[in-house]
Every structure is written in structure tokens, then in C-alpha cells.
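Protein chains: 2
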Amino acid sequence: MLVLITYDVNTESSAGRTRLRKVAKQCENYGRRVQNSVFECILDQAQCVMLKSLLSDIIDEDVDSLRLYYLGNKYQTKVEHIGVDRGIAADQTLIL
Amino acid sequence: MLVLITYDVNTESSAGRTRLRKVAKQCENYGRRVQNSVFECILDQAQCVMLKSLLSDIIDEDVDSLRLYYLGNKYQTKVEHIGVDRGIAADQTLIL
Numbered sequence: 002m003l004v005l006i007t008y009d010v011n012t013e014s015s016a017g018r019t020r021l022r023k024v025a026k027q028c029e030n031y032g033r034r035v036q037n038s039v040f041e042c043i044l045d046q047a048q049c050v051m052l053k054s055l056l057s058d059i060i061d062e063d064v065d066s067l068r069l070y071y072l073g074n075k076y077q078t079k080v081e082h083i084g085v086d087r088g089i090a091a092d093q094t095l096i097l
Numbered sequence: 002m003l004v005l006i007t008y009d010v011n012t013e014s015s016a017g018r019t020r021l022r023k024v025a026k027q028c029e030n031y032g033r034r035v036q037n038s039v040f041e042c043i044l045d046q047a048q049c050v051m052l053k054s055l056l057s058d059i060i061d062e063d064v065d066s067l068r069l070y071y072l073g074n075k076y077q078t079k080v081e082h083i084g085v086d087r088g089i090a091a092d093q094t095l096i097l
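Order-wise, the sequence lines are chains D and V. The letter at position 46 of the first sequence is residue 47 when you use the working numbering, and the numbering goes up by one with no holes. The letter at position 17 of the second sequence is residue 18 when you use the working numbering, and the numbering goes up by one with no holes.
For reference, chain D alone in the conformation it holds in the complex:
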């Protein structure tokens, strides 16, 4: 299923900036960055539980915000993009 992950991490402190880097790094392991703080991840149930747990452990719930949107398996018609595109589709194989 497609899971959209969006986050706002408070970067006023150096600890915050470290959290931001860690959140991005974890999301990069599971999906593709489509905008600065927006990742699209194709996950099964177990991967989703794992990623959510990892991200919850990183963020400071008093100042950071993390949102997950579950778009299911038939997500192709549920996403629309306008403007510059940053990457490849989350389920598209990249052949180098």
C-alpha cells in the first residue's frame, strides 16, 4: 500500500536538526522523497509498523509533528502532481 508520510520537525535547536536528518534518513530507506518533508512509501503492514515505530522514537512529540496517510493499493488515481518533479515513482524500478 502507499503510505504518505509528512513531517514538521522543530529545527530551532541542534537536537532538532539532528532529529530532522534522522527522520529523513529513515524515510529514504523506505520510500522516495517527493517534496522537502513529504515521502511516498510502498509498504506492507509489517514495514509500516516498523517505520512508524522508528519515526516515533526519533521525533520529540512535544514539538514535532508526523502524519501518515494511508492511500491503499489503488493509489495511482489518487495522486496528482503539478510543477517540478523531484523523483521517480515509489514503485518504479530504477535501472542504472
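The reader is advised that the hints may include incorrect statements.
For chains that are exact copies, the list does not tell them apart, and a pair is met inside one copy or across any two.
[What the hints assert, rightly or not] Here are the simulated DSS-like pairs of lysine-lysine, each with C-alpha atoms no more than 25 Å apart in a straight line:
#	residue 1	residue 2
1	Lys79	Lys53
2	Lys53	Lys75
3	Lys23	Lys53
Hints listed in this document are in silico derivations from the structure and should not be mistaken for laboratory results. None of these values were measured; they are calculated from a predicted model.
Dock chain V against chain D, hints included.
Relative to the frame of chain D, chain V by itself:
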């Protein structure tokens, strides 16, 4: 239906910062800000077409990115939040 709008506007120029403010202002007219560049809007088809048209006219498609995610009418179970919350639910009436 719930339409999630996420955007990255290139703010390297003052024109970019103006675009960013305009995009946010239009989104505020139609929904609630849940994160810095993420809005949740409850829209019917006509409103959605209108908002998309307004935003498309504002952004610079060569450098800005706008994404829309259509979460349908049964969206309550498709959204999960962790951490600090910025606002009220998009379909919740605010009594002052």
C-alpha cells in the same frame, strides 16, 4: 472528500516568497493547515477544480511542486497523527 495538498515553493527569490504566501493563503481559504506546507481540505468536485486552478496559476511550474492526494469521503481511518497538533479537524466546526 478529503484532499491533501502539499507544496514545495522555491523561496530563493522574493517572487518565490510571494508565491509561497499566496499558495498558503488560498489553501487557508479551503482547509486547515496541519503542517507547514501541508493542508487538509474538505472539498466537493467543483471546489477542488477551483482550488487546483487557483494554485496552478500561482506556482511557477519550473521550480515549484504541488501535490494533491485524494482521500475520498471515508478518510477518518486513513489519517494518523503523531506528535504536536497544529489545528482542528478539517470538518470540525469551530464555535467561538
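Hint numbers not upheld by this structure, sorted from lowest to highest = Violated: none.
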